[in-house]
Amino acid sequence: MKPGSIAIVGAAETTRLGSIPDMSNIQLHADSALNALRDCGLTPKDIDGVACAGESPVNMAHYLGITPTWVDGTAVGGCSFMIHVRHAAAAISAGLCKTVLITHGEAGKSRIGINRPPQPPSTLIGQFELPYGTFGPPTMFTIPVLRYMKERGLTHEQLAMVAVIQREWAARNPRAAFRDPITVDDVLNSRMIAYPFRLLQCCLVTDGGGALILTSADRAQDFPTRPVYILGTGESVETPMISQMEDFTSSRAFRVAGPAAFKAAGIAHKDVDHLMIYDAFAHLPIYGLEDLGFVGRGEAAQFIWERNTSPGGKLPMNTNGGGLSYTHTGMYGMFALQESVRQMRGTAPAQVAGAKISVCHGVGGMFAASGTIIFSNQRP
Amino acid sequence: MADPKRPRPMPTPETKHFWDGTRAGELRLQRCDACAKVYFPPRPFCPACASQSVSVFKASGRGRLFSYVINHRPAPGFTGEYAIAVVELDEGPRMMSNITGCPQTPEALVLDMPLEVTFETMDDEISLPLFRPVQG
Numbered sequence: 001m002k003p004g005s006i007a008i009v010g011a012a013e014t015t016r017l018g019s020i021p022d023m024s025n026i027q028l029h030a031d032s033a034l035n036a037l038r039d040c041g042l043t044p045k046d047i048d049g050v051a052c053a054g055e056s057p058v059n060m061a062h063y064l065g066i067t068p069t070w071v072d073g074t075a076v077g078g079c080s081f082m083i084h085v086r087h088a089a090a091a092i093s094a095g096l097c098k099t100v101l102i103t104h105g106e107a108g109k110s111r112i113g114i115n116r117p118p119q120p121p122s123t124l125i126g127q128f129e130l131p132y133g134t135f136g137p138p139t140m141f142t143i144p145v146l147r148y149m150k151e152r153g154l155t156h157e158q159l160a161m162v163a164v165i166q167r168e169w170a171a172r173n174p175r176a177a178f179r180d181p182i183t184v185d186d187v188l189n190s191r192m193i194a195y196p197f198r199l200l201q202c203c204l205v206t207d208g209g210g211a212l213i214l215t216s217a218d219r220a221q222d223f224p225t226r227p228v229y230i231l232g233t234g235e236s237v238e239t240p241m242i243s244q245m246e247d248f249t250s251s252r253a254f255r256v257a258g259p260a261a262f263k264a265a266g267i268a269h270k271d272v273d274h275l276m277i278y279d280a281f282a283h284l285p286i287y288g289l290e291d292l293g294f295v296g297r298g299e300a301a302q303f304i305w306e307r308n309t310s311p312g313g314k315l316p317m318n319t320n321g322g323g324l325s326y327t328h329t330g331m332y333g334m335f336a337l338q339e340s341v342r343q344m345r346g347t348a349p350a351q352v353a354g355a356k357i358s359v360c361h362g363v364g365g366m367f368a369a370s371g372t373i374i375f376s377n378q379r380p
Numbered sequence: 381m382a383d384p385k386r387p388r389p390m391p392t393p394e395t396k397h398f399w400d401g402t403r404a405g406e407l408r409l410q411r412c413d414a415c416a417k418v419y420f421p422p423r424p425f426c427p428a429c430a431s432q433s434v435s436v437f438k439a440s441g442r443g444r445l446f447s448y449v450i451n452h453r454p455a456p457g458f459t460g461e462y463a464i465a466v467v468e469l470d471e472g473p474r475m476m477s478n479i480t481g482c483p484q485t486p487e488a489l490v491l492d493m494p495l496e497v498t499f500e501t502m503d504d505e506i507s508l509p510l511f512r513p514v515q516g
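Residue numbers (this note's numbering), protein chains in the order written: chain A, 1 to 380; chain B, 381 to 516.
Keep in mind that a hint or two might mislead.
What the hints assert, rightly or not - When the alpha-carbon atoms are kept at most 16 Å apart in a straight line, the in silico EDC-like pairs for lysine to aspartate or glutamate are as follows:
#, chain 1, residue 1, chain 2, residue 2
1, A, Lys98, A, Glu246
2, B, Lys417, A, Glu246
3, A, Lys150, B, Glu471
4, B, Lys396, B, Asp492
5, A, Lys98, A, Asp218
6, B, Lys438, B, Glu471
7, A, Lys150, B, Glu487
What the hints assert, rightly or not - Far from chain B by the CB rule (all over 10 Å, computed), these chain A residues:
#, residue
8, Asn59
9, Gly126
10, Leu130
11, Asp185
12, Ala194
13, Ser236
By construction, these hints were calculated from the structure, which means they are not laboratory data.
The C-beta atom is built at its ideal place from N, Cα and C for all residues, glycine as well.
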């Protein structure tokens, strides 16, 4: 795919975020899909490609009244939507379809219409992790961090600062769930969830969704929205078991997906004006900054501490408030993509003035998968 | 005996030797006959070179505490605060486990402390490999 040959022309979240007890999981997908279609003046009849996770593309095509010639049901956790963007761009380039709708919706809080069976006891996770009392992402995603702390010298205060700075961004965003300022002490005094992680270092649990519409850049001028071009993409997976992650201080999937996107885009780190790194927990931006090469090994926490990623910093990161303070339905990647699109359109609540290139990096499962998308509002 | 509400592993044909081993008081790993890679979790081929010539052997049961969290919201079958740990075995592979025989606190659970395997019976078929600090 040639950099800039595919564009996002439609993008929207669900009308509401947070607690939406009057909508089921599939309706949250549909609510965001209808908003994205309205955003760019299309109807379901104009869509010939469907990608989604959390619901199958069969469910969504039928529910929305779409007859697709291309579908993608890649479901590898919260970065599935970055991977959908990548696959959709390739499919459009290859002529398999012309206009792709990617949807996310998740009743993470209200749990209406979610069909997620428990992990069977005969799977590798069921045999070799669940018996030791893992209990959701806060007890798994977090396991590598003490190793990182020992090997790289990360402190509890530095890990807390990630949440503090994201709250500063959230304070600028009227749609963010948590907007009141917090301090490092507030974070370190919040309720312990799974040592060393406290409540304010763990993501929210909300209802919501988001949708994107992609087409070829040659058609992008036909739409009322400002096109957001895809410069480069990357994806990879590592392991479903956190205990089997190769390096507890670095994600292999990040190290494959991130550089692939930079190489395809043909840009350098200094070209990046805006960055999203999926933050289900406070350590993820630290791993992401290092694995994507924005800083050296062991330097990310100090980079954040010195306010480089905060409002006014040289590398604005997670400008919607992130999964820690904005929203987190369960598969947050779509919301990171939405914020990158807003920043490239110039419509973000905490707009980065003059931003031309945005890097959006997602994680799926517990360091199980990764997808990276590099956007620009300028066609190269 | 482990709490009956604790999630119970269900062996598959590819993992049966492991669970047969823990029931017999042995921690069994696999080694590739072609490239000598020692690996876990079990599978009937080498994840490094794809050779299907692999052997099961009794591991030393020794390792070190590689990383962990202390869970404050107990899963079904668990009570109180407990560490969910990853142990790096002397033979190389890492595995998730729990640490017994010491307080479940950051002060007592020091990274790289030497550990040895111990087995906790769940029922007639399943014994879980847990780890305890090496004494002395």
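Going down the list of hints, with the structure as the test:
1. For the hint linking A:Lys98 to A:Glu246, the alpha-carbon distance of about 39 Å lies beyond 16 Å, and the restraint is violated.
2. Restraint check: the Cα-Cα separation between B:Lys417 and A:Glu246 comes to about 15 Å, which is no more than 16 Å; the hinted pair holds.
3. Taking the CA atoms of A:Lys150 and B:Glu471, the gap is near 22 Å; set against the 16 Å cutoff, the hint is violated.
4. For the suggested pair B:Lys396 and B:Asp492, the alpha carbons sit about 30 Å apart, so the restraint of at most 16 Å is broken.
5. For the hint linking A:Lys98 to A:Asp218, the alpha-carbon distance of about 11 Å falls within 16 Å, and the restraint holds.
6. Proposed proximity of B:Lys438 and B:Glu471 is supported: the alpha carbons are some 11 Å apart, at most 16 Å.
7. Of the supplied pair hints, the one linking A:Lys150 and B:Glu487 holds, its CA atoms being roughly 14 Å apart against a limit of 16 Å.
8. Under the 10 Å C-beta cut-off, the non-interface status given to A:Asn59 relative to chain B holds; the minimum distance is some 30 Å.
9. The beta carbon of A:Gly126 sits about 6 Å from the closest Cβ of chain B, which is not more than 10 Å, so the claim that it is off the interface is violated.
10. Non-interface status of A:Leu130 relative to chain B is broken: a Cβ of that chain comes within 10 Å, the nearest being about 4 Å off.
11. Its beta-carbon lying about 19 Å from the closest one in chain B, A:Asp185 satisfies the requirement of being farther than 10 Å from that chain.
12. The beta carbon of A:Ala194 sits about 4 Å from the closest Cβ of chain B, which is not more than 10 Å, so the claim that it is off the interface is violated.
13. Here A:Ser236 stays apart from chain B, with its beta-carbon at least about 17 Å from theirs, past the 10 Å limit.
When each numbered hint is compared with the structure, violations occur for hints 1, 3, 4, 9, 10 and 12.
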